[in-house]
Amino acid sequence: MPYSFTLASTIPASPQAVYGAWLDSAGHSKMTGAKAKASNKIGGAFTAWDGYISGKNIELAPGERIVQSWRTSEFSDADADSILTITFEPAKGGAKLTLEHANVPDGHKGYENGGWEDSYFAPMKEYFAALKKP
Numbered sequence: 001m002p003y004s005f006t007l008a009s010t011i012p013a014s015p016q017a018v019y020g021a022w023l024d025s026a027g028h029s030k031m032t033g034a035k036a037k038a039s040n041k042i043g044g045a046f047t048a049w050d051g052y053i054s055g056k057n058i059e060l061a062p063g064e065r066i067v068q069s070w071r072t073s074e075f076s077d078a079d080a081d082s083i084l085t086i087t088f089e090p091a092k093g094g095a096k097l098t099l100e101h102a103n104v105p106d107g108h109k110g111y112e113n114g115g116w117e118d119s120y121f122a123p124m125k126e127y128f129a130a131l132k133k134p
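If you count the sequence shown from 1, position 127 lands on 127 in our numbering, and the numbers rise without skipping.
What the hints contain is simulated information worked out from the structure, not anything from laboratory work.
Do not take every clue at face value.
Taking lysine to aspartate or glutamate pairs in the EDC-like style, the calculated list, with each CA pair at most 16 Å apart, reads [said to hold, decoys possible]:
(1) Lys-109 <-> Asp-79
(2) Lys-96 <-> Glu-74
(3) Lys-109 <-> Glu-74
(4) Lys-96 <-> Asp-79
(5) Lys-30 <-> Asp-118
(6) Lys-132 <-> Asp-106
(7) Lys-41 <-> Glu-64
(8) Lys-37 <-> Asp-50
(9) Lys-56 <-> Asp-81
(10) Lys-35 <-> Asp-50
(11) Lys-30 <-> Glu-126
(12) Lys-41 <-> Asp-24
(13) Lys-30 <-> Glu-59
(14) Lys-56 <-> Asp-24
(15) Lys-37 <-> Asp-24
(16) Lys-35 <-> Asp-24
Using C-beta positions, here's what the derived DEER-type ranges look like [claimed, not checked]:
(17) Lys-133 <-> Met-1: 40 to 48 Å
(18) Pro-134 <-> Ala-26: 20 to 28 Å
(19) Pro-123 <-> Glu-100: 29 to 37 Å
(20) Pro-2 <-> Lys-132: 33 to 41 Å
(21) Leu-7 <-> Pro-90: 17 to 25 Å
Glycine included, every Cβ here is placed at the ideal spot set by N, Cα and C.
Turn these sequences into a full structure, and let the hints guide you.
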């Protein structure tokens, strides 16, 4: 049975900078350290982590919210796409990124248990912190 979870992290950049990098091929690749092909259009397809992740943009509110269909190469053909909702808010030290991952297939708990932290939050913090250094 699919499940949902919510995670949050503060990224040392403005909400607009994080939003922009997420939807830009070069920015997404640089902030995660893996090849991505992104789109900043509703309905636009994307891939991330060298094709491991794929999906489409469902809703975009610049600097505030991204909603994407999302699946990995580990999803079975019978698994529906999961839905990723990312919101950005100004916070002390940067942007508070809140990520809700819904309709995640059973057996994919690694995303919640360290996957997002290791593959996105930690490298994003390093990337944006390095941009701030003179």
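Practice prompt. Sort out which numbered hints this structure fails and list those numbers smallest first.
Written response: 2, 4, 6, 13, 19
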